[in-house]
Each structure stands twice: as structure tokens, then as C-alpha cells.
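K.L.:
Chain residues, written in single-letter form:
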Amino acid sequence: MKYQDKIATSRLKRTLKFIGTGAKVGGNYLKHYAKKSLNPELSVEKLHEENAEDIYNTLSNLKGSALKVAQMLSMDRTVLPKAYADKFTMAQYQAPPLSAPLVKQTFKKILGKNPSEIFDSFDLNACNAASIGQVHKAMKDGKTLAVKVQYPGVAESIRTDLKLVKPIALRMFNISEKELRVYMEEVEEKLLEETDYSLELQRSSAISKACAHLPNLIFAEYFPEWSGSRILTMEWLHGRHLDEFLKSNPSQENRNLAGQALWEFYSYQMHTLKAVHADPHPGNFLFQEDGKVAVLDFGCIKEIPPDFYNNYFALILPGIHSDEKKITRIMENLEMILPGDSEQTRQTILKMFTKMMQLLAKPFSEESFNFGDDAYLNSIYVLGEEIAKNPIIRRAGDGRGSRHMLYINRTYFGLYNLLHLLNAKVKTGIRKEWLEAIGE
Amino acid sequence: MKTDSSTQIIQAFNSYLLENGKPPASIHQFCVSLKKKETEFYAHFSSFDSLKSEWLLREFNDVKAAIQGDEAFESYGAREKYMAFLYAWVEQAVRSRSLWLLIHPDLKSPWMHSQLFSRLKPAFKSFAQGICREGTDNSEVMQRPFLSDHYPDVMWVQFLFIHQFWIKDDSTEFEKTDSAIEKSVHLVFDLMGNSAFDSAMDFGKFMLGQFR
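As given, the protein sequences belong to chains W and D, one line each in that order. Remember, my numbering sits 487 above the position in the first sequence when you count from 1. Remember, my numbering sits 894 above the position in the second sequence when you count from 1.
Hints are supplied without guarantee of correctness; some may be wrong.
Each computed DSSO-like pair below joins lysine-lysine, with the alpha-carbon atoms no more than 27 Å apart [what the hints assert, rightly or not]:
{"no.": "1", "chain 1": "D", "residue 1": "K1070", "chain 2": "W", "residue 2": "K596"}
{"no.": "2", "chain 1": "D", "residue 1": "K958", "chain 2": "W", "residue 2": "K595"}
{"no.": "3", "chain 1": "D", "residue 1": "K930", "chain 2": "D", "residue 2": "K916"}
{"no.": "4", "chain 1": "W", "residue 1": "K600", "chain 2": "D", "residue 2": "K1077"}
{"no.": "5", "chain 1": "W", "residue 1": "K677", "chain 2": "D", "residue 2": "K1070"}
{"no.": "6", "chain 1": "W", "residue 1": "K595", "chain 2": "D", "residue 2": "K1062"}
{"no.": "7", "chain 1": "W", "residue 1": "K696", "chain 2": "W", "residue 2": "K761"}
{"no.": "8", "chain 1": "W", "residue 1": "K813", "chain 2": "W", "residue 2": "K761"}
{"no.": "9", "chain 1": "D", "residue 1": "K1070", "chain 2": "W", "residue 2": "K653"}
{"no.": "10", "chain 1": "W", "residue 1": "K653", "chain 2": "D", "residue 2": "K1077"}
{"no.": "11", "chain 1": "W", "residue 1": "K650", "chain 2": "D", "residue 2": "K1070"}
{"no.": "12", "chain 1": "W", "residue 1": "K734", "chain 2": "W", "residue 2": "K914"}
{"no.": "13", "chain 1": "W", "residue 1": "K838", "chain 2": "W", "residue 2": "K849"}
{"no.": "14", "chain 1": "D", "residue 1": "K1062", "chain 2": "W", "residue 2": "K596"}
{"no.": "15", "chain 1": "W", "residue 1": "K595", "chain 2": "D", "residue 2": "K1077"}
{"no.": "16", "chain 1": "D", "residue 1": "K1070", "chain 2": "W", "residue 2": "K600"}
{"no.": "17", "chain 1": "W", "residue 1": "K789", "chain 2": "W", "residue 2": "K919"}
{"no.": "18", "chain 1": "W", "residue 1": "K596", "chain 2": "D", "residue 2": "K958"}
{"no.": "19", "chain 1": "D", "residue 1": "K975", "chain 2": "W", "residue 2": "K624"}
{"no.": "20", "chain 1": "W", "residue 1": "K595", "chain 2": "D", "residue 2": "K975"}
{"no.": "21", "chain 1": "D", "residue 1": "K975", "chain 2": "D", "residue 2": "K1070"}
{"no.": "22", "chain 1": "W", "residue 1": "K624", "chain 2": "D", "residue 2": "K1077"}
{"no.": "23", "chain 1": "W", "residue 1": "K596", "chain 2": "D", "residue 2": "K1077"}
{"no.": "24", "chain 1": "W", "residue 1": "K650", "chain 2": "D", "residue 2": "K1077"}
{"no.": "25", "chain 1": "W", "residue 1": "K919", "chain 2": "W", "residue 2": "K813"}
{"no.": "26", "chain 1": "D", "residue 1": "K975", "chain 2": "W", "residue 2": "K600"}
{"no.": "27", "chain 1": "W", "residue 1": "K630", "chain 2": "W", "residue 2": "K595"}
{"no.": "28", "chain 1": "W", "residue 1": "K779", "chain 2": "W", "residue 2": "K919"}
{"no.": "29", "chain 1": "D", "residue 1": "K1062", "chain 2": "W", "residue 2": "K600"}
{"no.": "30", "chain 1": "W", "residue 1": "K876", "chain 2": "W", "residue 2": "K849"}
{"no.": "31", "chain 1": "W", "residue 1": "K596", "chain 2": "D", "residue 2": "K975"}
{"no.": "32", "chain 1": "W", "residue 1": "K600", "chain 2": "D", "residue 2": "K958"}
{"no.": "33", "chain 1": "W", "residue 1": "K595", "chain 2": "D", "residue 2": "K1070"}
Beta-carbon label-pair distances, calculated as ranges [unchecked claim]:
{"no.": "34", "chain 1": "W", "residue 1": "E776", "chain 2": "D", "residue 2": "G963", "range": "43 to 49 Å"}
{"no.": "35", "chain 1": "D", "residue 1": "A960", "chain 2": "W", "residue 2": "E790", "range": "47 to 53 Å"}
{"no.": "36", "chain 1": "D", "residue 1": "Q905", "chain 2": "W", "residue 2": "A693", "range": "46 to 52 Å"}
{"no.": "37", "chain 1": "W", "residue 1": "E672", "chain 2": "D", "residue 2": "E913", "range": "47 to 53 Å"}
Please keep in mind that the hints were generated in silico from the structure rather than gathered at the bench. Every value quoted in this text rests on a predicted model; they were computed, and no experiment measured them. Here a beta-carbon is modelled for each residue, glycine too, at the ideal position from N, C-alpha and C.
All chains, full assembly: derive it from the sequences and hints.
P.N.:
In C-alpha cells, the structure reads:
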């Protein structure tokens, strides 16, 4: 891993970095059009790829918040051209590390001891960087441990960083200010919560316990005695990141097992815990050879309010999509249709989003569903694009729908995407206990 | 454990300072309260300032011994060694922060107070020199005519900067000081290493030549 020589220091320096990227991206566009005038076949995909490279390089130097925004946006593939999304997915895996003396210093401050006094061995070189900290490998009593160490002063730089990301994100991702604000607020909230490792320890232990009975899922054991506000020690989980797992050519059976494990994990969170604990981001899971899935990272918890739950999941019930009255009521409850809308706006939104929900709910209507089917995911992309481009919906303004809706939609979409990459066939049919929970 | 008399005098002076918030009115008064002869004081120190400068030196030596006693220290490169020193310095200073805040007014314009730093500065510079030499050996630090002789001076100024930064730092657990150390050491070593600096100098010399 490349050692980080320079951490962007002051606000000015960070600003300059962004401007640098902006200029470079602009340059890429120029190059693209120059090339295109010679070779009209040149695809826009290629251009996106070059841009993504430059943006990624900048973001990974900035670390922290910017990395998180990249991750968030990378989850929402409908917003992003594919090349950006692929590049940003990498953000989860690598960012330059902090110096060994600082790691030791953090230990002395938080736990009052050197890492070598606590563990039998401790690797001062980070083996992995997350958005607000880095991971070290340690050994104690024959157990391998993962120790997360947070960058100093992270909480403080979050707001400044996000302000800086905003203008460039507006230009790069071609989304409206309103829409971006929803993201930004969410990222800020999430990041600030994530900086509190004591809270993470508490929650992670709790959710691990709550989900321990689910088959083929592996959760880490946590060690409060070696954790503190900026240090978190847990069991080292084995497995491969999704892309490496796929490269190892796993059998269809194991793909299905892994997919089913993920499906059960999220179903349990949605319908029983009524709280979602982890982004279905590929970086948050490790896949083992026998199809077991290890859960790495719990971000903050998103509670699903009962009112929203009932409305939202009523949309997966069979036959609901032909009941126009009911759908209208649900759309109103979910704030997709607002009282002041004209009849035309109303009808268009109703039509488009019913189609979208119908599509998202499709796996539920079948006993088992093959997520490897390109056509299915693609039809979601296409419809997403169609909705984004529809002039009436554009005029109606964004930021419709409650924030819960945005979040849950994204969670499902992220999950489908994971299952698609896994090429998994999953038992997805609606279960009796869900129907009871939805109140039907 | 029997402490030697110079250590006793320093400790007594520091506790006096801490309890009264100001130094004793005179060496005479101080020695009376210590039940020592004035000559014993002068055998070690010529003034309160020279006493303080000795205390600074001892703090420095303690810190140096502490980091060198750490098994990981030898495996560090020059950059990390220097960082480790600064982190350890701040860690040690935190223990006597009240004292530092009392002495602080004297440190406000550090380069003016040659008396106070008369013992610390040479010790620090020879330590810095050692780090630079190591850095040169493993090519972390570039030898440059004239300039490389002044690397330890640059590090000295940076060391004082970090100390002042820490004095004013109000973040929890002095987190900001940690960041300041990390970032400023990277900057200093990037400048001392093979960097854009040489290209800038080279280009500058070339352009100057054009206007002659």
C-alpha cells in the first residue's frame, strides 16, 4: 500500500485539491470531445471512467467524510454512471495509512498502554483503511484480532469536508441541490455517529447477539476491555471481499447459500428488528469458501417507524398493484404525492412509482428469485433513468418521499445488487410472520 | 531513593512555582525556605533561568530515553523517529501542564530567550542531527549544499511550534496537537527529502540566469 506522504492539511489545501480535480475532469471532457471529433465511436463510458479515476484519487487522499460520500453515492447506482460506481466501490478497501508513532500514541492515550503491552503481537502497519479509521492486525492468546484505530480529530473535520464535497458533487453527479442535500445530511449524521466507537461497540455486540441464530452468518466477538472512544477491538473475521470471492469461482450452491444468508439477514432486520444496521455495501461483508458470510461493519442504526413500515411493506403484498385506491392512499402517506399536486402530476407520479415499487417487489411475488438475471436489474436501471428524465416528475421537484423511503429503497437496491453480483438464487417468497407484522 | 541535590532544588522550585503561581522573590528567600545554603544553589545554577533551562534539558533527556527504550523505535525510519519523539514530548509535557502554563510567558518569544534554552537547544540539535544523518543514509533526507547544515534548525523551529500549539490547544485529549505533529512532520520531511523543492530551486536558478 502506498504510504501517505501528504495528508491534505488545511482547508485551503483541501479546496485546492478539489479544484485540481475539477480542472482535471474538465480537461478529460475536453480531451473526450477532441478525441470524439476524430473518432465519433468513442463512448461516454470511457470518459466516465477517466473522470472516476481522477475523482477517486482526490477523494482517497482526503479520507474521512469525502470517502464516505463516495461510498454513499456508489451505493446508489441509479444516480451514478457505472464507471464511477465501480471506482468508488474500491474506496471501501483502500486509503493511505497514518504513521506508526501516532497509532501507538493513540493507544497510550485511550488505553494507557502501548499496543505491545496489551497484545502478544501487533502489526503497526495498517492492513486496511475504513472511512474514518484504519484496521490493524493483532494476536492475543492465540486469537487473531482486528483493531480499528480512528484518525485524530475526525469528528471536527467532517463538516468542513462535506461543505467542500458539495460543489464538486453537484457538478460531477449531475443531481439537484435538493437531492444532494438529503445525502449530505445523512452522511453527516452517519459519520458523526460512526466516530463514537464506544457506541459502535455497544450496538455491534447487541446486533450480533440478536442475529446470532441466523444460519450461515458470522459475527465478530467484541472486546470492550481493549476498546475506547477511538479504538475498537474485535475478533478477526476470515473470508474474501466480494470481488475476490467471485474470482475464486465459487460453486452455484455456495453462491446461493451466501445470497440466502444475506437475504435472511436483511429480512430479519426489516421485519423483526424493524431497524437496519448495515449498508448492503460489498465492503461490509466477507465471503467464505463454504458460502458463509461474515458481517464486518455496522454503521449507525436506521429505525423503521411502524407507520412507515406498514405503508411501505403493504406495497409488496400480492394484488396490491391493481387496487388503485389503496395505492393512492399509500403514496399519499409516504409523501410521494403531495396535497397541492395537479391532476397530471399526480397521475404521472402514481403511474411511475407504482411501476417502480412493483418492480422492486417482484422477488417477493415469487417463491424463489434468480437475482443473476441481468434483465431484472437492468429494468430497474432503465425505469430509474426514465423516472429521472420524465419532465413532469422533474418539474414536480425532488426530495419527495420520506427519508425512510429513500433509505429503505436504497437498502433493497443495494441488497439486490449484491445478490446480482453473487448471481444467487434466493428463496424470497412472502412469509407468514411478515404478513402478521404488516397487519394483513 | 536518594535524589542528588540539584534534582532536589529543581523539584523544590517547581513545587514552589505550582503552589504560589509565581517564582520566589529571590534566590535567598528560596534557599531559606529550602533550608539550604545559597552557595549550594550557586554550585548548580547561576539563576532561576538557568535552573529552568536545566529542567528543560532533563525533560528532554527523559523523553529521549523513553522513546529509545521502546523496542519498536529502532525499526522506525527517520520520519517516524522524529514523530515518536514529538508525541512522547507532548505526552511528558501533559503530566506537568500546569507548570508549563506558568513558565509559558517566558517562552512566548522563544528565540529571544537564549538563556532559557541554552541547555535544551544544543541537545535537541544534536538529536535532530542524528535523525537527519540516519535519514540521509536511507535516502529519506536529501543532502543539499548549505541547506542541509540547517535542517536541525528547521526542526528546532518546528519543535517550538508544536510546543506552542500544544500550549494553546483546547481540544479533547489534545487531539489537534496529534494532527499538528503528524502533518507538520510530513511537511518538514517532504521538504528535506527528494521533493518538488529541488526542481523549484533548479528552475529558479535557471530563470535567474536568463535575466542576467
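K.L.:
Could you run down the list of hints and mark each one as holding or not?
P.N.:
Here's how the hints hold up against the structure:
1. At most 27 Å may separate the alpha-carbon atoms for a hinted pair to count; K1070/D and K596/W meet this at roughly 13 Å.
2. For a cut-off of 27 Å, the pair hint linking K958/D to K595/W stands: about 17 Å separates their Cα positions.
3. Proximity of K930/D to K916/D is assessed by CA-CA distance (about 20 Å); at most 27 Å being required, the pair is judged to hold.
4. Restraint check: the Cα-Cα separation between K600/W and K1077/D comes to about 24 Å, which is no more than 27 Å; the hinted pair holds.
5. Proximity of K677/W to K1070/D is assessed by CA-CA distance (about 22 Å); at most 27 Å being required, the pair is judged to hold.
6. For the suggested pair K595/W and K1062/D, the alpha carbons sit about 22 Å apart, so the restraint of at most 27 Å is met.
7. With a C-alpha separation of about 16 Å, the suggested pairing of K696/W with K761/W holds against the 27 Å cut-off.
8. As the CA atoms of K813/W and K761/W are separated by approximately 23 Å, the hinted pair is consistent with the 27 Å bound.
9. Using a Cα cut-off of 27 Å, the hinted pair K1070/D and K653/W holds, with the two alpha carbons roughly 25 Å apart.
10. With a C-alpha separation of about 25 Å, the suggested pair K653/W and K1077/D falls inside the 27 Å cut-off, and the hint holds.
11. As the CA atoms of K650/W and K1070/D are separated by approximately 20 Å, the hinted pair is consistent with the 27 Å bound.
12. Between K734/W and K914/W the alpha-carbon distance is near 25 Å, which keeps this suggested pair within the 27 Å criterion.
13. Restraint check for K838/W and K849/W: the C-alpha separation of about 16 Å stays at or below 27 Å, so the hint holds.
14. The straight-line distance between the Cα atoms of K1062/D and K596/W is roughly 19 Å, inside the 27 Å bound, and the hint therefore holds.
15. Distance restraint check for K595/W and K1077/D: the Cα-Cα separation of roughly 20 Å lies within the 27 Å cut-off, and the hinted pair is therefore satisfied.
16. Taking the CA atoms of K1070/D and K600/W, the gap is about 21 Å. The hint holds against a cut of 27 Å.
17. Of the pairs offered as hints, the one joining K789/W and K919/W holds, with about 24 Å between alpha carbons and a cut-off of 27 Å not exceeded.
18. Taking the CA atoms of K596/W and K958/D, the gap is about 19 Å. The hint holds against a cut of 27 Å.
19. About 22 Å separates the Cα atoms of K975/D and K624/W, which keeps this hinted pair within 27 Å; it holds.
20. A C-alpha spacing of about 17 Å is found between K595/W and K975/D, which places the hinted pair at or below 27 Å, so the restraint holds.
21. With a CA separation close to 20 Å, the supplied pair K975/D and K1070/D stays within the 27 Å bound.
22. At roughly 25 Å between alpha-carbon atoms, K624/W and K1077/D fall within 27 Å of each other, so this suggested pair holds.
23. Between K596/W and K1077/D, the direct Cα distance comes to roughly 19 Å. Compliance with the 27 Å bound is thereby established for this hinted pair.
24. Restraint check: the Cα-Cα separation between K650/W and K1077/D comes to about 22 Å, which is no more than 27 Å; the hinted pair holds.
25. For a cut-off of 27 Å, the pair hint linking K919/W to K813/W stands: about 21 Å separates their Cα positions.
26. Between the alpha carbons of K975/D and K600/W the distance comes to roughly 19 Å, so the proposed pair stays at or under 27 Å and holds.
27. Restraint check for K630/W and K595/W: the C-alpha separation of about 22 Å stays at or below 27 Å, so the hint holds.
28. Distance hint between K779/W and K919/W is fulfilled; the C-alpha atoms sit about 26 Å from each other, no more than 27 Å.
29. Taking the CA atoms of K1062/D and K600/W, the gap is about 26 Å. The hint holds against a cut of 27 Å.
30. The hinted pair formed by K876/W and K849/W meets the criterion: a straight-line CA distance of about 23 Å does not exceed 27 Å.
31. Distance check on the hinted pair: K596/W and K975/D sit about 19 Å apart at the alpha-carbon level, within 27 Å; holds.
32. Simply put, K600/W and K958/D have alpha-carbon atoms about 18 Å apart, close enough for the 27 Å limit, and the pair holds.
33. Annotation: proposed proximity of K595/W to K1070/D holds, straight-line Cα distance about 16 Å (limit 27 Å).
34. E776/W and G963/D have their C-beta atoms about 45 Å apart, which keeps the hinted 43 to 49 Å range intact.
35. As the Cβ distance of A960/D to E790/W is approximately 48 Å, the hint placing it in 47 to 53 Å holds.
36. As the Cβ distance of Q905/D to A693/W is approximately 50 Å, the hint placing it in 46 to 52 Å holds.
37. For the pair E672/W and E913/D, the supplied restraint of 47 to 53 Å holds, since their beta-carbon distance comes to about 52 Å.
Taken one by one, the earlier hints all hold for this structure without exception.
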